[in-house]
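Number of protein chains: 2
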Amino acid sequence: MQDNNTLYTKYKEILQKAADIQYASAVLGWDQEVYMPPKGFEFRGRQLATLATMSHEMLTNDQFGDLLHELHTRTDIGEAEQHNVRLSLEDYEKNKKLPAKFIEDITIQTSNSYSAWLKAREQNNYSIYKDELAKMIALKNEQARLYGYSAHPYNALLDEYEKGASVAILDPVFNKVKEQLPPLLKRIKESPQVSDNFFNKNYPKQDQWDFSIEVLKKMGYDFEAGRQDISEHPFTTSFSPEDVRITTRVDEHNYSSLLWSSIHEGGHALYEQGLPSAQYGLPLGAATSLGIHESQSRLWENCVGRSYNFWNYFYPRLQQSFSSQLGGVSLKEFYKGVNKVEPSLIRTEADEVTYHFHVLIRFELEKALIEGKLAPADLRDAWNDMYKTYLGITPPDDKQGILQDVHWSHGMFGYFPTYSLGSFYAAQFFEQAEKEINKLDEQISNGELEQLLKWLGEKVHVFGRRYTSEELCNRITGRGLDFSSFMRYAENKYSGIYDLK
Amino acid sequence: MQDNNTLYTKYKEILQKAADIQYASAVLGWDQEVYMPPKGFEFRGRQLATLATMSHEMLTNDQFGDLLHELHTRTDIGEAEQHNVRLSLEDYEKNKKLPAKFIEDITIQTSNSYSAWLKAREQNNYSIYKDELAKMIALKNEQARLYGYSAHPYNALLDEYEKGASVAILDPVFNKVKEQLPPLLKRIKESPQVSDNFFNKNYPKQDQWDFSIEVLKKMGYDFEAGRQDISEHPFTTSFSPEDVRITTRVDEHNYSSLLWSSIHEGGHALYEQGLPSAQYGLPLGAATSLGIHESQSRLWENCVGRSYNFWNYFYPRLQQSFSSQLGGVSLKEFYKGVNKVEPSLIRTEADEVTYHFHVLIRFELEKALIEGKLAPADLRDAWNDMYKTYLGITPPDDKQGILQDVHWSHGMFGYFPTYSLGSFYAAQFFEQAEKEINKLDEQISNGELEQLLKWLGEKVHVFGRRYTSEELCNRITGRGLDFSSFMRYAENKYSGIYDLK
Chain H
1 MQDNNTLYTK YKEILQKAAD IQYASAVLGW DQEVYMPPKG FEFRGRQLAT
51 LATMSHEMLT NDQFGDLLHE LHTRTDIGEA EQHNVRLSLE DYEKNKKLPA
101 KFIEDITIQT SNSYSAWLKA REQNNYSIYK DELAKMIALK NEQARLYGYS
151 AHPYNALLDE YEKGASVAIL DPVFNKVKEQ LPPLLKRIKE SPQVSDNFFN
201 KNYPKQDQWD FSIEVLKKMG YDFEAGRQDI SEHPFTTSFS PEDVRITTRV
251 DEHNYSSLLW SSIHEGGHAL YEQGLPSAQY GLPLGAATSL GIHESQSRLW
301 ENCVGRSYNF WNYFYPRLQQ SFSSQLGGVS LKEFYKGVNK VEPSLIRTEA
351 DEVTYHFHVL IRFELEKALI EGKLAPADLR DAWNDMYKTY LGITPPDDKQ
401 GILQDVHWSH GMFGYFPTYS LGSFYAAQFF EQAEKEINKL DEQISNGELE
451 QLLKWLGEKV HVFGRRYTSE ELCNRITGRG LDFSSFMRYA ENKYSGIYDL
501 K
Chain G
1001 MQDNNTLYTK YKEILQKAAD IQYASAVLGW DQEVYMPPKG FEFRGRQLAT
1051 LATMSHEMLT NDQFGDLLHE LHTRTDIGEA EQHNVRLSLE DYEKNKKLPA
1101 KFIEDITIQT SNSYSAWLKA REQNNYSIYK DELAKMIALK NEQARLYGYS
1151 AHPYNALLDE YEKGASVAIL DPVFNKVKEQ LPPLLKRIKE SPQVSDNFFN
1201 KNYPKQDQWD FSIEVLKKMG YDFEAGRQDI SEHPFTTSFS PEDVRITTRV
1251 DEHNYSSLLW SSIHEGGHAL YEQGLPSAQY GLPLGAATSL GIHESQSRLW
1301 ENCVGRSYNF WNYFYPRLQQ SFSSQLGGVS LKEFYKGVNK VEPSLIRTEA
1351 DEVTYHFHVL IRFELEKALI EGKLAPADLR DAWNDMYKTY LGITPPDDKQ
1401 GILQDVHWSH GMFGYFPTYS LGSFYAAQFF EQAEKEINKL DEQISNGELE
1451 QLLKWLGEKV HVFGRRYTSE ELCNRITGRG LDFSSFMRYA ENKYSGIYDL
1501 K
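Chains as they are written, first to last, in the numbering used here: chain H, 1 to 501; chain G, 1001 to 1501.
Heads up, some of the hints might be wrong.
Unchecked claim - Cross-link-like lysine-lysine pairs, in silico, PhoX-like; alpha carbons within 20 angstroms at most:
(1) H:LYS217 to G:LYS1039
(2) G:LYS1201 to G:LYS1336
(3) H:LYS39 to G:LYS1217
Everything labelled a hint here was simulated from the structure, so no lab data went into it.
Input sequences plus hints: build the corresponding full structure.
Right under this line is the structure:
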């Protein structure tokens, strides 16, 4: 029998080597989005596939399973070590549930549905895509069956993105969204509207870029351990806690597209930079869930980056950079404008209130698709009906409606709710931070963001996957996910902006 | 018994997967030099090490050896397939000659000698480095013994970079360098000197960059399958023939540093872009030797990029970009200036004539070090003596003398001669191209470089490793490496520039 330290060292070696390969893939993926010349795609594809196969093989082979089972019985290794092993064993057993044949089938189907989705978008016609979507839904049901689940097959899919989440937890939350947000939206609509016309001007790209760098530095994003580049869709990627990169896009005619996307990705990046380097490649060195990841990006983007306090500090600086565009716009006007609420068609462009209707709609629809209560053939109508109901608008075509998101074509069912969870956790964490950090408002108002980052680091980042999102939320706020924090945040914010009765 | 096609497919799969991993490493290496934030180094180091170990393991394990031996006996696969297998078997058997213990030792020693070299450079004192260099030399002798060699241990080391090269081939060539270049240099020195003062002006970085892109496009470098970036030391790297990248550096006060480095790296890149994609990862899809690689870069940099014909086309364009700097400099003055010959201390900054003394000195010294005829303790004096003899100058300190190159600290003995071989092959190939391509001079004079690239593609690039450098040279020019082509080229060029008697 090998002694435990040797066994744990072996375990750590395997996991960290697999991480090396996965992080190498991430570098190739980053390059593909940011700098790769167009003809590079074909061979890059096979290079990524080879790396994926190798790390998958390392983490699913039987010897690794034996090692994990053996280590799992040992109680004389440290607590953190036991925790890592426990999580790795869960990952391993989950992975083993999908036979090679299934992985092959879903890989092929993902490629087929994605092509069909691209073609359908091009021709602005959902019908082209619906049969491939139906096949994908069948496979996702099969996947739920292979994983096993209690109560609802959708739970097994949710678990991929938000461990521990379930319909039983989410339904009550989204029921509150359904009950409480429409009245708020109604009151906002009935109030005098605010203007964001000042965005309809030319904002030179370089100045936008420079300002975003200044803000990121103030947030505490470490440029010695990261960088910002341009890509078509903004994203954050990590090659270790010491190299976490973000991307953004710049549009001369749409300033909002850059700055808040930089802050949003910056929030994700601060989480990754805050993960413990000593746990590189191990579960305690990885982010715990998509919802918690999104809580970090949204907290920075919205609770901080769209707050009056934040702009109290930054607005004079912004005006200096864009004096001709913003010279005549007061701080109050600017603050109101960047928080304008208005129902719109595209999820990724929605404001903080209407955003959650976009997610609610997708959550209800994907649940119904997985349950078999809704046929893919009827999805477009169901989508359009719900947009009418919740947002009061009907998509003029499929591209601006049912075809706007890539997720389902990639088989990502259970992903959408994590976007709203992110906002709700963000509001709940931020409310707690305001209680625990002395004069946080004043600090933000002075551009001092260090203590907030330190608090998030100690409360969230440093734990990696030690706690699930619900456990983490309980530890931080004394209760599980609670929509009322978000409602208080929204009530308070929009009362000021819209002078709500 | 498996049928041959199945066996060959298996062989190809293994080799191409190893290539996927090696090319992934190349992406990580490129990123490290070009964009990686400083704190990324530590984890990047382990990621690169893991990838290197994995590809090495794939290519050296016994099953792969058995497969190669089995395939090698088959004669009913295609000729190209047989050729690939033959070369792979040679690679395999060569790799197997180095035991794991030796690889470990030399990896550690490389790290130690490199640190010592860095420290010695910092303190400008060779003594700090000499003992680690001595240990490295002992290991290189051990490596030569493990590989096996005939006649001279240095041959085994040369073979790493230039298969088939040997002291017996190189000595006569460098003897001619010794005999024929000093009289040429003497005649040049005794003639009226030319001026390159026009470089001592401010050349804005962006304009330099833009001009280099224009030249690279004219050379036929495919920007859909590559890109240029900035790095401290210019290099070329390839992730497939469809993604070949170059880097350069820009110095406002030294224009020559960018343009010819871009052309030089562009020449390397054209070779890589010209390799057959269908042979991806296989020997017939890889460059044949460092000497031939360098022949491509030097042919473009010197035979083309420093020719009167080339500038006949490009100079008016260059003058347009830099009218205040070059408006008063005639084409002839410019042409002479960029070909100025003057002994200097640093190899990488040397002109086309004196360059080969730098290489000759290193070739003689490293041969003597490997033979044991020169002790590392005496190396600095030997170096300085030879600089006095061949270039008429004595390094004022170690940094500008014996410590200027990194190669030996990395254990790269046998590498230096390939730089000169590159120039000599370049002259020999270019002489042949002038014979075979109708009015090549006139084409270059009109900025038409397509036929030259096509010729190089058909004569060199497309073959991959099918021929060794000597075989290739024989095929193209009807004879092996022949220094007289370079002498004719130099005589002709400098007669015009220096009005030689």
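A quick look at each hint next to the structure:
Annotation: proposed proximity of H:LYS217 to G:LYS1039 holds, straight-line Cα distance about 16 angstroms (limit 20 angstroms). Note on G:LYS1201 and G:LYS1336: the hinted pairing holds, with a Cα-Cα distance of about 17 angstroms set against a maximum of 20 angstroms. Of the pairs offered as hints, the one joining H:LYS39 and G:LYS1217 holds, with about 16 angstroms between alpha carbons and a cut-off of 20 angstroms not exceeded.
Hint check: no violations occur; every hint is consistent with the structure.
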